[in-house]
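Keeping the supplied structure of chain B fixed, place chain S upon it in accordance with the hints.
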Amino acid sequence: AQSVTQLDSQVPVFEEAPVELRCNYSSSVSVYLFWYVQYPNQGLQLLLKYLSGSTLVKGINGFEAEFNKSQTSFHLRKPSVHISDTAEYFCAVSDRNGTASKLTFGTGTRLQVTL
Amino acid sequence: NAGVTQTPKFQVLKTGQSMTLQCAQDMNHEYMSWYRQDPGMGLRLIHYSVGAGITDQGEVPNGYNVSRSTTEDFPLRLLSAAPSQTSVYFCASSTRGTVNGYTFGSGTRLTVV
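Sequence lines, in order, name chains B and S.
So the mapping is simple: this note's numbering equals the position in the first sequence, first residue as 1, plus 5.
So the mapping is simple: this note's numbering equals the position in the second sequence, first residue as 1, plus 464.
Since the hints were derived computationally from the structure, they do not count as laboratory data.
Here the structure is a predicted model, which means the values were calculated and not measured.
The beta-carbon is built from N, C-alpha and C at its ideal position, and this holds for glycine as well.
There may be inaccurate statements among the hints.
Simulated crosslink set (SDA-like; lysine to any residue; CA at most 25 Å straight-line) [what the hints assert, rightly or not]:
| # | chain 1 | residue 1 | chain 2 | residue 2 |
| --- | --- | --- | --- | --- |
| 1 | S | Lys473 | S | Gly504 |
| 2 | B | Lys54 | S | Asp502 |
| 3 | B | Lys63 | S | Lys473 |
| 4 | B | Lys63 | S | Gly565 |
| 5 | B | Lys54 | S | Asn564 |
| 6 | B | Lys54 | S | Gly504 |
| 7 | S | Lys473 | B | Arg115 |
| 8 | B | Lys54 | S | Glu494 |
| 9 | S | Lys473 | B | Gln43 |
| 10 | B | Lys54 | S | Arg560 |
| 11 | B | Lys54 | S | Ser570 |
| 12 | B | Lys74 | S | Gly506 |
| 13 | B | Lys54 | S | Gly515 |
| 14 | B | Lys74 | S | Asn564 |
| 15 | S | Lys473 | B | Gln47 |
| 16 | B | Lys54 | S | Thr559 |
| 17 | B | Lys63 | S | Val576 |
| 18 | S | Lys473 | S | Val563 |
| 19 | B | Lys54 | S | Lys473 |
Computed far set for chain B versus chain S, every beta-carbon distance over 10 Å [unchecked claim]:
| # | residue |
| --- | --- |
| 20 | Ser35 |
| 21 | Ser89 |
| 22 | Thr91 |
| 23 | Lys107 |
Next comes chain S alone, as it looks inside the complex:
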C-alpha cells in the first residue's frame, strides 16, 4: 500500500498565483483532512471531509478551497497565494476519524515569495 501520497513535495509560488496540492490515499478511508504546520504553532486544521461529497472548514480555512469528488482524492486549492501561506502542508486520512488514528502523508513544503 502506498498510504497517503502528497504531490508535489516542494513548491515555490509567486504572490497571487494559484495552485493545487494533491492528496491521494489507497486505503479506502472515509475521513480526510488538510493541516498546515508552522514553527511554534503545531498543526492547524484547514479543511476536512467525512466522505465523498462532504467537506467542512477547519480552524484556518481562509484562502483555501477543497472538494471531495472521490473517496481517494482530496485536493487543496490555493486561490491566490500569499506569503502568509508559506508553510508545510499535511494531508491525513482515517477509517473512522480520530478513534482509529490518522495516517499522514509526508507533506508539501510551500514557499510563497
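Looking at chain B on its own, in the form it has when it is part of the complex:
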C-alpha cells in the first residue's frame, strides 16, 4: 500500500514569485509519481509524471518536479507563478507492479496567487 503526504494545505504567493509545493510518499514497492491540477469547478488534469530516468521532470505551464528517492519526495516547483496558476494541486502515486491502474492521492495543496 502507498500513502502520500502534502504538508501544506494552502500556499499563498505573489504573482511572479517562485513557489514549491511539497509532496512526500510512502511505499513498500517502487512507484510512479504524478502531479495533477484542479481548477475551480473542474476535473483533474495531469501536470507531470515521473516514470523512470531523469529525476527532474518538466510538465505543462512551466511546472517541474524533482524525484528524490532517498527522501521519498516529489516536490513541485515553478520559478515564476501567474494569477492563472491559482488552483488545487494533488500529488499522487501508483505502484509499478501489476496493471498500475490505481492512483493514491494526497489531500491537496491550494495555491493562491495574488497581485
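Frame of chain B, contents of chain S only:
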C-alpha cells in the same frame, strides 16, 4: 472528442434513495475509475475497471456498485444513499492505467439529505 462525460452534474437525494451516476468516454480507453472527493481528504478510489467485464474494489467501495458491460460506459450505483455519501464524484479513464495519466470528467456533486 467529448472525453469523459459525467451525468448528472448535480443531484440531491433523500436518505435511502438509490441512483446511478453515469460515466461515458469516447476515447476507447480500457481503464476506468471512480473517485470521491471530500474536503481535506483528497480523492479516494471507489471502484475501478481494467477492461469490459472486469471490475475491482478500491479504497472506499462500501455502499457502491459498478459494472462494465461496454468499454465506453462505467456507471456507479448508490444502492441506498446515506448522508456520508455526500461528495463530489469523479470518473476517469486511461489507455494504459496510470502511466499514461488519467483523463477526468468534470464531476457530479451529490448531496444526500
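Taking the hints in turn, this is what the structure says about them:
1. Lys473(S) - Gly504(S): holds (22 Å)
2. Lys54(B) - Asp502(S): holds (24 Å)
3. Lys63(B) - Lys473(S): The given pair, whose Cα atoms are some 33 Å apart, is violated under the 25 Å limit.
4. Lys63(B) - Gly565(S): holds (15 Å)
5. Lys54(B) - Asn564(S): holds (9 Å)
6. Lys54(B) - Gly504(S): holds (23 Å)
7. Lys473(S) - Arg115(B): holds (23 Å)
8. Lys54(B) - Glu494(S): holds (20 Å)
9. Lys473(S) - Gln43(B): The hint holds at about 17 Å.
10. Lys54(B) - Arg560(S): Satisfied, since the Cα-Cα distance of roughly 14 Å is no more than 25 Å.
11. Lys54(B) - Ser570(S): holds (21 Å)
12. Lys74(B) - Gly506(S): Since the Cα atoms of lysine 74(B) and glycine 506(S) sit roughly 23 Å apart, the hinted pair holds (cutoff 25 Å).
13. Lys54(B) - Gly515(S): holds (23 Å)
14. Lys74(B) - Asn564(S): holds (22 Å)
15. Lys473(S) - Gln47(B): holds (11 Å)
16. Lys54(B) - Thr559(S): Cα-Cα ~15 Å, so holds.
17. Lys63(B) - Val576(S): Status violated; Cα separation ~41 Å.
18. Lys473(S) - Val563(S): Violated, at roughly 28 Å.
19. Lys54(B) - Lys473(S): violated (29 Å)
20. Ser35: holds (13 Å)
21. Ser89: holds (19 Å)
22. Thr91: Threonine 91(B) is indeed farther than 10 Å from all Cβ atoms of chain S, at 18 Å.
23. Lys107: Nearest chain S Cβ is 6 Å from lysine 107(B), so the label is violated.
In this structure, the earlier hints numbered 3, 17, 18, 19, 23 are contradicted, and the remaining ones agree with it.
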